[in-house]
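Whole structure, please, built from the sequences with the hints as guidance.
For the sequence shown, my numbering gives the first residue as 15, with consecutive numbering after it.
One or more hints might be untrue.
[What the hints assert, rightly or not] Derived Cβ-Cβ restraints for the label pairs, each shown as a range: (1) A88 / N42: 14 to 24 Å; (2) D164 / G285: 23 to 33 Å; (3) P168 / D266: 30 to 40 Å.
No lab work stands behind these hints, which were simulated from the structure alone. Everything numeric in this text was worked out from a predicted model, so none of it was measured. Every residue gets a Cβ at the ideal spot worked out from N, C-alpha and C, and that includes glycine.
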Amino acid sequence: MELEALLNYPRALPAMPRAVSDLLAEMNKDDPSPKRVGELIGRDPALTTRVLRLSNSAFFRVSRKIGSADEAVALLGMTHVRSLVMAAALGGSFKSVPGIDLKQFWRYSLQAADIAKSLAGLLHQNQGNAFTAGLIHAIGILVMHIAMPDRMEPLDFSTPPLDLNRAAAERAMLGYTYAEVGAGMAEKWQFPEEMVSALSNQFSPFEGDAYDPLAGLLHLASWRARAQELQLDDNGLAATFPDMVGLTLGLDLDSVLGKDPSEWSFSQALGAFMD
Numbered sequence: 015m016e017l018e019a020l021l022n023y024p025r026a027l028p029a030m031p032r033a034v035s036d037l038l039a040e041m042n043k044d045d046p047s048p049k050r051v052g053e054l055i056g057r058d059p060a061l062t063t064r065v066l067r068l069s070n071s072a073f074f075r076v077s078r079k080i081g082s083a084d085e086a087v088a089l090l091g092m093t094h095v096r097s098l099v100m101a102a103a104l105g106g107s108f109k110s111v112p113g114i115d116l117k118q119f120w121r122y123s124l125q126a127a128d129i130a131k132s133l134a135g136l137l138h139q140n141q142g143n144a145f146t147a148g149l150i151h152a153i154g155i156l157v158m159h160i161a162m163p164d165r166m167e168p169l170d171f172s173t174p175p176l177d178l179n180r181a182a183a184e185r186a187m188l189g190y191t192y193a194e195v196g197a198g199m200a201e202k203w204q205f206p207e208e209m210v211s212a213l214s215n216q217f218s219p220f221e222g223d224a225y226d227p228l229a230g231l232l233h234l235a236s237w238r239a240r241a242q243e244l245q246l247d248d249n250g251l252a253a254t255f256p257d258m259v260g261l262t263l264g265l266d267l268d269s270v271l272g273k274d275p276s277e278w279s280f281s282q283a284l285g286a287f288m289d
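Below is the structure:
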């Protein structure tokens, strides 16, 4: 299936929920109302539950338990709440995907999000955008499996979805990768242009005309999360580290490993995606 056909395949791309559309419209205003944002989240019980689970997870290390959408907005700020709303909406959009272990997929995605957020803090970039981009950077894998399960099955057998060489295998078979698919979905969901660009450039963030630091963070974060899923030892980490991307960002292997999550399993946050 060609990329354009895939992005227009009706069953592959979930529609943005109305509650999320209304929320993004409010949060995209020059002066969004925290009270209005809290009200809009509260109108959707499932969305509220997911946002609160993520708010109280290890990502944000809040000093007390957040019990309502209003508290989440007050304590975390609009940028992080925007990230949580997008994450929660995606969590509710993919209930079953042929050939994909969703628990592993979301655990991996949460790992990448946490690492991207930490690296963004180190480089003085927007941590909310980095978190969201890390969380959705591989969403194209789910879309491809929904639209083309028969084509994905042999590819999964030879090069599993979280293999370090997965993108190269997809490009060889299809002419595109999950990065372009994810960027196309993010564009349809009206994600910020910066995030769409980062998703699209995540494999080659500094090649050709591209200079995309957020894409570079995604590249390093996804490498580290995949290495964790593959249980690479010290030699494996050193051999596979994307040193040219790291060099461009001023990050070496030790500085990236120094941003490892304190909890790799993310058991509490996974509830926002698996229920």
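(message) Within 23 to 33 Å: is that where the Cβ-Cβ distance between D164 and G285 falls?
(response) holds, 32 Å
(message) Between the beta carbons of P168 and D266, is the distance compatible with 30 to 40 Å?
(response) About 38 Å separates the Cβ atoms of P168 and D266, which means 30 to 40 Å holds.
(message) Within 14 to 24 Å: is that where the Cβ-Cβ distance between A88 and N42 falls?
(response) Roughly 20 Å apart at Cβ, these two residues keep to the hinted range, so it holds.
In summary, the structure agrees with every hint in the numbered list given earlier.
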